[in-house]
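*Asks:* Top to bottom, those sequences are chains A and B. Quick note: the first sequence uses my numbering, first residue 1, plus one each step. Quick note: the second sequence uses my numbering, first residue 1, plus one each step.
Worth flagging that the hints you see were computed from the coordinates, not collected in a lab. Please note that a few of the clues may not be correct.
Identical copies go unnamed one by one, so any copy, or any two together, can satisfy a pair.
Straight-line distance between alpha carbons at most 30 angstroms, and here's what the computed DSS-like set of lysine-lysine pairs gives [said to hold, decoys possible]:
| id | residue 1 | residue 2 |
| --- | --- | --- |
| 1 | Lys-413 | Lys-468 |
| 2 | Lys-446 | Lys-109 |
| 3 | Lys-498 | Lys-38 |
Bear in mind the structure is a predicted one, so any value in this text is a computation, not a measurement.
2 protein chains.
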Amino acid sequence: MSVDESNNVHTRLQVHNCVVQPLLTDLYQITMAYAYWKSEKTSDTAVFDLFFRQNPFQGEFTIFGGLEECLRFLENFNYSDSDIEYLKKTLPPTIEQSFFGYLKELTAKDVKLYAIDEGSVVFPRVPLIRVEGPLIVVQLLETTLLTLVNFSSLMATNAARYRMAAGDNVSLLEFGLRRAQGPDGGLSASKYAYIGGFDGTSNLLAGKMFNIPVKGTHAHAYITSFSNPSELKTKTLINLNNGKEQDLIDLTLSWRTTLSNLLHISESQASDGELAALVSFAIAFPEGFVALIDTYDVNKSGILNFCAVALALNDLGYKAIGVRIDSGDLAYLSNKSRETFVKIAKEFNIPWFANLTIIASNDINEETIWSLNDQKHSIDCFGIGTHLVTCQRQPALGCVYKLVEVNGTPRIKLSQDGSKITMPGKKDAFRLYGADGFALIDLLKKSVEDPPIAKTKLLCRHPFDQKKRAFVVPSEIKPLYKVYWENGRIMQRLPDLKEVREHVKESLRTIRPDIKRNLNPTPYKVSVSDDLYEFMHELWMRNTPIGELS
Amino acid sequence: MSVDESNNVHTRLQVHNCVVQPLLTDLYQITMAYAYWKSEKTSDTAVFDLFFRQNPFQGEFTIFGGLEECLRFLENFNYSDSDIEYLKKTLPPTIEQSFFGYLKELTAKDVKLYAIDEGSVVFPRVPLIRVEGPLIVVQLLETTLLTLVNFSSLMATNAARYRMAAGDNVSLLEFGLRRAQGPDGGLSASKYAYIGGFDGTSNLLAGKMFNIPVKGTHAHAYITSFSNPSELKTKTLINLNNGKEQDLIDLTLSWRTTLSNLLHISESQASDGELAALVSFAIAFPEGFVALIDTYDVNKSGILNFCAVALALNDLGYKAIGVRIDSGDLAYLSNKSRETFVKIAKEFNIPWFANLTIIASNDINEETIWSLNDQKHSIDCFGIGTHLVTCQRQPALGCVYKLVEVNGTPRIKLSQDGSKITMPGKKDAFRLYGADGFALIDLLKKSVEDPPIAKTKLLCRHPFDQKKRAFVVPSEIKPLYKVYWENGRIMQRLPDLKEVREHVKESLRTIRPDIKRNLNPTPYKVSVSDDLYEFMHELWMRNTPIGELS
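Generate coordinates for the entire structure from the input sequences, incorporating the hints supplied.
*Replies:* In structure tokens form, the structure reads like this:
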């Protein structure tokens with residue numbers, strides 16, 4: 001645990017990635033537990049499926065996130081004395097007191113949890129997690145598992161979509177903490193954006209907790225806090241070529257005059273406050289100089305001031321990193337900046353100057369990136385905030401946790417809304433691949449069935465539509481579930497964030513481009529075996545009230 | 001602090017309402033701090049305004065939330081040894097080491113914070129918080145203050161809007177934990193939904209931490225886990241009238257036969273599993289019996305089973321509470337349920353039966369409530385999840401934190417986008433009220449100006465539009481700011497959640513109905529004094545580059 005012992009201040013969120021309390025749940029989980037207990041159902045067993053019914057963002061795929069947090073929650077599942085005390089005063093006084101003794105002893109040691117690997121591409125109706133064990137305990141896990149999986153998966157999916165829009169050669173940074181849904185919303189966003197394919201975050205606490213690269217430069221306030229170069233107290237920087245201190249302001253001003261002629265930008269229009277701010281920032285970070293250039297006017301002030309400082313730094317042996325543009329027409333301003341860099345690179349024979357990094361960061365979403373791609377831009381890096389971290393296009397994923405078996409007997413939840421009917425019983429899931437390495441279809445089978453065999457003809461049926469069926473001869477088959485939790489402990493080596501991030505990439509590579517595309521993607525098929533189909537529909541028939549058309 | 005010492009497990013979120021770490025910020029706040037430090041700006045002072053530019057949800061008002069959390073953050077603002085260690089390895093190696101010694105000593109003791117009372121109705125451009133103090137420290141607070149105010153205010157506003165839609169006679173419960181943006185997103189939602197006017201939450205941890213009423217019944221899984229009454233091990237309940245144990249199943253089955261005739265619902269269509277589940281739940285919670293009645297079919301099964309159990313309970317001296325409907329046509333099903341309750345109340349002369357509570361809870365948002373109101377419904381209580389807790393209609397509020405003064409000199413941030421221009425200098429805010437008690441207009445003045453006087457003619461100007469101005473003679477004037485933080489401590493008694501919740505109601509009562517309405521609300525006016533107008537525009541002129549049309 002990354003608990004900060006040193007300052008002895010218990011802080012919110014300090015062990016974000018470790019422990020969630022069992023009281024982080026809905027009251028009705030506890031009232032149900034009591035009703036089950038009161039009905040003497042303490043030795044009943046149950047199976048629950050955790051799944052979603054629809055991919056987010058009008059897309060046709062989802063990335064599964066949150067598994068490690070679920071497992072850490074199971075490891076620590078136990079009501080504290082103060083939890084019990086709180087429940088005693090909150091539940092009705094008619095509750096038998098011995099129930100609280102029972103609650104106090106509960107742990108997740110008799111629970112068995114199967115799951116798909118975290119970071120995998122997943123699809124609607126295929127359970128991400130299957131939980132088996134004592135009915136009361138597995139019911140008590142519901143809300144917490146859902147809250148841990150829902151936002152994590154949504155965020156990782158959102159990030160993966162931004163990554164696909166941006167392509168592999170552009171950096172993506174998460175800048176959203178200030179607009180996130182609370183401090184922890186911001187931390188979850190940093191973590192799962194990284195898993196989904198972002199390169200770093202501006203969030204320092206996320207960097208510290210999760211070992212994610214942190215990036216950032218300065219804000220407009222830094223620029224506006226300076227009025228002119230005369231107020232700078234520190235003016236010099238060591239020349240790496242000769243070890244001597246040199247006045248960076250003089251050098252910058254001299255370069256600004258030179259550039260003013262070359263670039264046809266009037267020096268009198270350029271802000272002296274901005275120049276002072278950039279020089280002081282360059283003195284502080286001579287080897288990591290990134291400048292915000294849109295505080296006053298990119299074309300009339302920012303680009304001129306930046307290039308003057310960057311060339312002065314170059315004289316002293318330092319290479320500037322680049323610029324950030326936070327407003328205006330990002331395609332135009334980035335192209336204009338690139339042109340300027342190229343011109344200077346040629347004029348003064350400094351080839352690397354042409355490749356200075358251009359970061360864009362104003363209210364960017366997935367559509368903006370697609371549109372900038374169409375317009376052609378020169379942006380090397382996007383800093384993305386609000387739209388990414390709040391998943392503005394769809395701020396919630398609808399994972400549900402459904403009872404599918406009690407004491408070995410399958411359960412089905414019928415619904416007047418056909419799409420909400422659950423698939424009963426214990427099931428296993430397989431992904432079938434074609435010869436080209438792409439996933440063909442997911443296949444759900446009853447767990448008692450034999451697993452499917454590659455290179456044989458397999459009947460795959462639509463779960464609800466009797467007419468839709470196909471024979472598939474897969475080149476390869478991968479079972480999707482592993483036992484992740486049994487006998488009170490985690491049963492698999494858990495990958496670190498970097499490995500999960502790699503797994504996202506690999507998993508996405510096996511999905512056909514038309515399924516992943518932004519516009520009108522093709523739905524990926526999820527099928528059931530003939531046995532499961534018959535089993536489901538027989539149970540469905542048996543549970544449908546007479547005289548009902550459904 | 002509500003740290004749970006007893007189980008000695010450090011848990012995420014355990015002190016949600018107390019402490020946020022100073023490292024919960026953007027890297028660039030620290031890089032700016034270093035650049036300022038390197039420029040010898042440690043004794044510079046600055047003033048920042050925290051404000052938003054647009055009300056959320058296409059409305060014309062916002063509720064201010066998050067102030068207490070900001071103040072707790074200031075109380076504990078201090079980098080730990082491990083924070084410093086992390087920063088040392090994260091920032092470039094060129095950084096002078098003595099900077100870290102400087103950082104380690106930083107506290108918020110020299111900061112002065114003015115704020116509007118938490119729970120107040122607030123409007124665009126009027127700073128919610130004004131922070132004064134050492135430039136470096138007040139800059140370091142930026143991201144954390146924003147992340148604490150943004151979601152809290154958004155949530156409280158969203159909740160207040162639901163409350164207005166539902167009216168004062170309907171209960172509102174927050175049920176969103178499972179769909180929230182992470183565990184803390186869920187906790188913040190519970191807290192600020194309560195402040196905004198909700199009556200309770202299903203979230204137990206929120207109940208424990210914030211002392212919010214918790215509510216809830218059971219889930220569909222509870223119903224589907226039962227097959228028929230024969231499996232019930234506990235069948236009896238004590239008759240409050242005579243102290244004898246009585247078989248609740250027999251009694252319920254007998255009532256069901258009676259009701260089947262009265263209500264013309266076939267007993268053979270009603271689910272026996274549902275009946276068993278409801279009886280067992282009634283045995284567990286005889287005095288708090290609320291039943292989910294839509295698992296199979298409200299009209300053919302749920303309502304019949306519920307009424308049978310409720311009448312059996314009534315025979316034993318218990319009053320059932322009501323039903324929850326989680327799918328289907330909520331207006332129709334609630335009216336149908338109410339009709340049934342009224343019919344039974346009359347038939348068996350049990351007047352209270354007519355007023356059983358009807359809770360609705362399926363994917364409800366603000367628009368659904370307005371639409372249900374139009375259709376006429378019989379719902380007494382809404383349980384609201386996803387749309388409420390993720391603020392689906394607009395998942396982020398855009399508060400910003402802008403530098404307005406450095407070392408006593410005003411600062412203005414110009415922008416090609418006129419609406420993004422900041423109002424420079426230290427300002428005070430006043431709310432002017434008419435004789436009817438409604439707020440007329442907010443007025444910003446330079447802090448050096450005399451405060452406005454009630455019952456005198458006051459010139460109120462539009463901040464940007466030269467032509468828009470009005471004379472106002474307010475009956476009453478309230479200054480909006482109080483000093484909330486000075487000399488390292490909180491300067492006001494902080495109200496508890498209930499008091500903040502009351503303040504939201506009172507504050508909303510002073511806002512004209514046309515400003516608060518859902519459809520095409522009238523914008524509330526925010527004005528500036530003549531002095532502030534001239535001051536702003538003079539500074540604006542002085543900072544506008546030559547040849548620029550803006």
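*Asks:* Against each hint, give a clear statement of whether it holds in the structure.
*Replies:* Hint check:
1. Lys-413 / Lys-468: within (23 angstroms within a copy, 62 angstroms between copies)
2. Lys-446 / Lys-109: Cα proximity of Lys-446 and Lys-109: one copy only (25 angstroms, versus 64 angstroms across).
3. Lys-498 / Lys-38: neither (47 angstroms within a copy, 35 angstroms between copies)
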